[in-house]
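Asker: For reference, the chains in residue letters:
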Amino acid sequence: MRPFKYQTASTVKDAVSAASNSEGSKFIAGGTNLVDLMKEDVERPAALIDVSRIDLRQVRSEGDSVVIGAMAKNTDTANHPLVRMNFPLLSQAIFAGASAQIRNMATNGGNLMQRTRCVYFYDTSMPCNKREKGSGCAAKEGLNRMHAIFGWSDGCVAVHPSDMCVALAALDAVVSVEGPGGKTRAIPFSEFHRLPGNDPSRDNTLENGDLITSISIPKNKFAGNSYYLKVRDRASYAFALVSVAAALEIAGGKVKDVRIALGGVAHKPWRAKKGRGVSERKSCDK
Amino acid sequence: MTDHFEDLHDAEGLTADEEKLLDELGLEGESRRRFLGQVGAAGFSVFALQLIAEREAHAAGEVPLEPAAERLPLENAVKVAFKVNGEQRSVTVDSRTTLLDTLRERLDLTGSKKGCDHGQCGACTVIADGRRVLSCLTLAAACEGKDVTTIEGLAKGETLHPMQDAFVKYDAFQCGYCTPGQICSAVALLDEAKRGEASYVTETTGNRPAKLSDDDIRERMSGNICRCGAYPNILKAIKEVHKGEETAATWNFAKPGLLDKEVDDETV
Ligand SMILES: Cc1cc2nc3c(=O)[nH]c(=O)nc-3n(C[C@H](O)[C@H](O)[C@H](O)COP(=O)(O)OP(=O)(O)OC[C@H]3O[C@@H](n4cnc5c(N)ncnc54)[C@H](O)[C@@H]3O)c2cc1C
Ligand code: SF4
Ligand code: FES
Ligand code: FES
Numbered sequence: 001m002r003p004f005k006y007q008t009a010s011t012v013k014d015a016v017s018a019a020s021n022s023e024g025s026k027f028i029a030g031g032t033n034l035v036d037l038m039k040e041d042v043e044r045p046a047a048l049i050d051v052s053r054i055d056l057r058q059v060r061s062e063g064d065s066v067v068i069g070a071m072a073k074n075t076d077t078a079n080h081p082l083v084r085m086n087f088p089l090l091s092q093a094i095f096a097g098a099s100a101q102i103r104n105m106a107t108n109g110g111n112l113m114q115r116t117r118c119v120y121f122y123d124t125s126m127p128c129n130k131r132e133k134g135s136g137c138a139a140k141e142g143l144n145r146m147h148a149i150f151g152w153s154d155g156c157v158a159v160h161p162s163d164m165c166v167a168l169a170a171l172d173a174v175v176s177v178e179g180p181g182g183k184t185r186a187i188p189f190s191e192f193h194r195l196p197g198n199d200p201s202r203d204n205t206l207e208n209g210d211l212i213t214s215i216s217i218p219k220n221k222f223a224g225n226s227y228y229l230k231v232r233d234r235a236s237y238a239f240a241l242v243s244v245a246a247a248l249e250i251a252g253g254k255v256k257d258v259r260i261a262l263g264g265v266a267h268k269p270w271r272a273k274k275g276r277g278v279s280e281r282k283s284c285d286k
Numbered sequence: 287m288t289d290h291f292e293d294l295h296d297a298e299g300l301t302a303d304e305e306k307l308l309d310e311l312g313l314e315g316e317s318r319r320r321f322l323g324q325v326g327a328a329g330f331s332v333f334a335l336q337l338i339a340e341r342e343a344h345a346a347g348e349v350p351l352e353p354a355a356e357r358l359p360l361e362n363a364v365k366v367a368f369k370v371n372g373e374q375r376s377v378t379v380d381s382r383t384t385l386l387d388t389l390r391e392r393l394d395l396t397g398s399k400k401g402c403d404h405g406q407c408g409a410c411t412v413i414a415d416g417r418r419v420l421s422c423l424t425l426a427a428a429c430e431g432k433d434v435t436t437i438e439g440l441a442k443g444e445t446l447h448p449m450q451d452a453f454v455k456y457d458a459f460q461c462g463y464c465t466p467g468q469i470c471s472a473v474a475l476l477d478e479a480k481r482g483e484a485s486y487v488t489e490t491t492g493n494r495p496a497k498l499s500d501d502d503i504r505e506r507m508s509g510n511i512c513r514c515g516a517y518p519n520i521l522k523a524i525k526e527v528h529k530g531e532e533t534a535a536t537w538n539f540a541k542p543g544l545l546d547k548e549v550d551d552e553t554v
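Here the protein sequences line up with chains A and B, keeping their order. 1 is the number of the first residue of the first sequence in the working numbering; add one for each residue after it. 287 is the number of the first residue of the second sequence in the working numbering; add one for each residue after it.
It should be emphasised that the hints constitute simulated quantities derived from the structure, not laboratory data. Any given hint might turn out to be false.
Here are the simulated DSS-like cross-link-like pairs (lysine-lysine), alpha carbons at most 27 Å apart as the crow flies [claimed, not checked]:
id : chain 1 : residue 1 : chain 2 : residue 2
1  : B       : Lys432    : A       : Lys5
2  : B       : Lys432    : A       : Lys13
3  : B       : Lys365    : A       : Lys5
4  : A       : Lys256    : A       : Lys219
5  : B       : Lys369    : A       : Lys39
6  : B       : Lys480    : B       : Lys369
7  : A       : Lys39     : B       : Lys442
8  : A       : Lys39     : B       : Lys432
9  : A       : Lys26     : A       : Lys39
10 : A       : Lys5      : B       : Lys400
11 : A       : Lys254    : A       : Lys219
12 : B       : Lys400    : B       : Lys369
13 : A       : Lys219    : A       : Lys273
14 : B       : Lys442    : B       : Lys480
15 : A       : Lys273    : A       : Lys254
16 : A       : Lys26     : A       : Lys5
17 : B       : Lys369    : B       : Lys442
18 : A       : Lys26     : B       : Lys365
19 : B       : Lys365    : B       : Lys400
20 : A       : Lys13     : B       : Lys365
21 : A       : Lys133    : A       : Lys26
22 : B       : Lys365    : A       : Lys39
23 : B       : Lys432    : A       : Lys26
24 : B       : Lys522    : A       : Lys5
25 : B       : Lys541    : B       : Lys497
26 : B       : Lys432    : B       : Lys442
27 : B       : Lys480    : B       : Lys455
28 : A       : Lys273    : A       : Lys221
Distance ranges between label pairs, derived from CB positions [unchecked claim]:
id : chain 1 : residue 1 : chain 2 : residue 2 : range
29 : B       : Gly462    : A       : Gly24     : 36 to 44 Å
30 : B       : Asp433    : A       : Gly253    : 23 to 31 Å
31 : B       : Gly372    : A       : Arg2      : 34 to 42 Å
32 : A       : Glu62     : B       : Ser376    : 40 to 48 Å
33 : B       : Lys529    : A       : Ala238    : 23 to 31 Å
34 : A       : Val231    : B       : Gly515    : 20 to 28 Å
35 : B       : Leu446    : A       : Ala238    : 29 to 37 Å
36 : B       : Gly515    : A       : Leu143    : 22 to 30 Å
37 : A       : Ile149    : B       : Tyr517    : 43 to 51 Å
38 : B       : Asp451    : A       : Ile149    : 49 to 57 Å
39 : A       : Ala223    : B       : Lys529    : 31 to 39 Å
Just so you know, these numbers come straight off a predicted model, no measurement behind them. Glycine included, C-beta positions come from ideal geometry on N, C-alpha and C.
Turn these sequences into a full structure, and let the hints guide you.
Answerer: Quick look at the structure:
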């Protein structure tokens with residue numbers, strides 16, 4: 001691992017200004033993705049700004065939404081009564097990811113920001129456009145069984161590994177971000193991650209120094225009729241071959257709304273929009 | 287050194303191989319000059335002698351073992367104070383040091399194991415602030431003020447933790463390498479269940495899971511890999527502690543008399 005300076009930020013303001021004042025710096029939260037990539041010499045930050053102690057750990061109800069803090073741990077989010085009651089789909093998706101130990105460390109912000117990646121991204125002796133612009137894509141001729149089916153480009157065929165994000169895509173979440181100069185933005189989930197196109201180096205639309213502060217999820221009527229299904233090579237503790245977050249709103253025996261999002265199939269969590277037209281308004285036999 | 291060899295050295299007096307090694311270590315510019323300065327000033331043999339003398343002094347109970355690193359100016363030194371197994375500890379580490387390496391290399395707590403060093407096996411599992419975490423992906427620098435329990439901290443004096451007892455009783459290991467991580471994980475798992483935390487296979491949400499099914503224990507322990515495949519016995523051990531009901535052990539240590547008797551029987 002390369003040498004880096006380490007500092008702790010105690011407020012959002014601290015973190016954002018530290019990031020703009022320190023070239024080549026990165027935020028670190030749970031560290032489960034970043035430390036791993038630094039050990040492999042894939043990420044080479046000159047400085048780490050630890051944001052895990054910023055007081056953004058609450059899960060709370062706010063108007064018609066539930067807001068989950070960016071620094072809340074994945075475990076605490078999945079177990080929170082507000083999440084379990086309103087969005088069992090999200091709880092299930094979080095529990096389907098990684099292991100208990102990793103979910104105890106991983107934060108919600110970090111989960112969104114974990115790299116879209118593949119084995120060659122980790123292997124610095126192989127070409128990879130995502131790691132090194134213009135070097136080529138080793139996955140095209142190599143191991144690519146788990147790679148993208150939708151939205152890929154000639155430059156990169158890797159998939160976003162998160163389970164949590166698949167549920168958030170289905171639930172139309174909104175990501176709150178604070179950037180340099182205290183500028184805040186609210187990004188609809190479908191616009192948060194990006195497709196590789198001709199710049200696979202970027203997984204999402206955040207700029208350097210942008211800090212995720214929270215994720216808000218509009219309340220809905222899917223709770224009784226949702227499921228997160230993850231298909232993988234072993235029963236647990238493996239990335240998805242494919243996963244599906246599916247949710248139905250049923251009223252008077254009719255399907256009022258359908259949400260389907262797919263994981264492990266694209267550079268970003270994939271919202272299947274067609275599913276809606278096909279199934280909506282069909283009557284259903286519960 | 288002959289002229290022939292000198293030809294292989296560059297301006298810093300390094301061979302091409304040494305050059306490459308420093309590059310791989312990511313030592314460039316200032317940090318590289320400092321590293322070379324430190325090595326040059328002391329010389330490798332002086333370093334070694336110092337360490338040996340220190341070890342001997344430590345064995346004689348004179349001074350606390352203080353790695354050479356503690357005295358050299360670290361490039362990115364971070365001072366962390368945290369509790370380990372109930373005791374307040376304070377160490378100065380290079381910012382790159384993981385909690386696992388700090389426990390093993392600096393605090394002499396070698397119970398936690400390094401299996402993969404990449405978050406994939408669970409051998410390094412420890413309990414931090416009541417939660418099982420992977421010490422190989424935790425930076426020591428991030429542990430300020432935390433309360434860490436390792437496998438060494440589970441027993442009370444000579445009395446094993448019930449989970450340790452159950453692992454012995456059910457022979458829940460073979461080589462034992464994954465065991466410290468398995469046990470820390472299992473101890474934390476039962477606390478999670480007590481708190482009513484769910485899992486991917488817990489069917490009801492929003493309720494306290496009163497009883498963990500076998501599948502639920504398997505799912506919740508999936509972050510701990512066992513190359514020896516001791517899983518069935520690990521499951522039995524956890525189940526017993528979870529239920530709090532004793533079941534008969536499947537094996538026992540041979541008592542001294544028993545071995546003699548078997549030998550006698552054979553010779554008859
Ligand atoms: C062995 C293993 C198996 C895994 N399996 C799965 C799986 O099956 N399913 C799954 O979904 N995930 C899986 N994961 C990934 C895991 O979920 C992520 O590593 C984790 O969610 C990242 O969160 P973190 O807080 O640790 O992020 P960190 O590692 O701390 O950070 C990751 C990135 O996010 C940035 N960042 C962190 N917080 C913020 C913020 N608030 N604002 C802006 N940027 C930020 C950091 O700069 C960094 O670039 C696995 C990981 C491992 C190691
Ligand atoms: S698929 Fe993407 S991440 Fe994998 S090697 Fe190709 S460019 Fe790199
Ligand atoms: S050594 Fe930490 S998970 Fe393998
Ligand atoms: S007992 Fe050998 S790895 Fe588990």
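Asker: Hints first: check each against the structure and report whether it holds.
Answerer: Hint check:
no. : hint                            : in the structure
1   : B:Lys432 x A:Lys5               : holds, 21 Å
2   : B:Lys432 x A:Lys13              : holds, 24 Å
3   : B:Lys365 x A:Lys5               : holds, 13 Å
4   : A:Lys256 x A:Lys219             : holds, 15 Å
5   : B:Lys369 x A:Lys39              : holds, 26 Å
6   : B:Lys480 x B:Lys369             : holds, 24 Å
7   : A:Lys39 x B:Lys442              : violated, 36 Å
8   : A:Lys39 x B:Lys432              : holds, 23 Å
9   : A:Lys26 x A:Lys39               : holds, 15 Å
10  : A:Lys5 x B:Lys400               : holds, 25 Å
11  : A:Lys254 x A:Lys219             : holds, 20 Å
12  : B:Lys400 x B:Lys369             : holds, 21 Å
13  : A:Lys219 x A:Lys273             : holds, 20 Å
14  : B:Lys442 x B:Lys480             : holds, 22 Å
15  : A:Lys273 x A:Lys254             : holds, 19 Å
16  : A:Lys26 x A:Lys5                : holds, 10 Å
17  : B:Lys369 x B:Lys442             : holds, 17 Å
18  : A:Lys26 x B:Lys365              : holds, 21 Å
19  : B:Lys365 x B:Lys400             : holds, 23 Å
20  : A:Lys13 x B:Lys365              : holds, 24 Å
21  : A:Lys133 x A:Lys26              : holds, 20 Å
22  : B:Lys365 x A:Lys39              : holds, 21 Å
23  : B:Lys432 x A:Lys26              : holds, 23 Å
24  : B:Lys522 x A:Lys5               : violated, 46 Å
25  : B:Lys541 x B:Lys497             : violated, 36 Å
26  : B:Lys432 x B:Lys442             : holds, 21 Å
27  : B:Lys480 x B:Lys455             : holds, 23 Å
28  : A:Lys273 x A:Lys221             : holds, 18 Å
29  : B:Gly462 x A:Gly24: 36 to 44 Å  : holds, 43 Å
30  : B:Asp433 x A:Gly253: 23 to 31 Å : violated, 54 Å
31  : B:Gly372 x A:Arg2: 34 to 42 Å   : holds, 35 Å
32  : A:Glu62 x B:Ser376: 40 to 48 Å  : holds, 41 Å
33  : B:Lys529 x A:Ala238: 23 to 31 Å : holds, 29 Å
34  : A:Val231 x B:Gly515: 20 to 28 Å : holds, 24 Å
35  : B:Leu446 x A:Ala238: 29 to 37 Å : holds, 33 Å
36  : B:Gly515 x A:Leu143: 22 to 30 Å : holds, 26 Å
37  : A:Ile149 x B:Tyr517: 43 to 51 Å : violated, 34 Å
38  : B:Asp451 x A:Ile149: 49 to 57 Å : holds, 50 Å
39  : A:Ala223 x B:Lys529: 31 to 39 Å : holds, 32 Å
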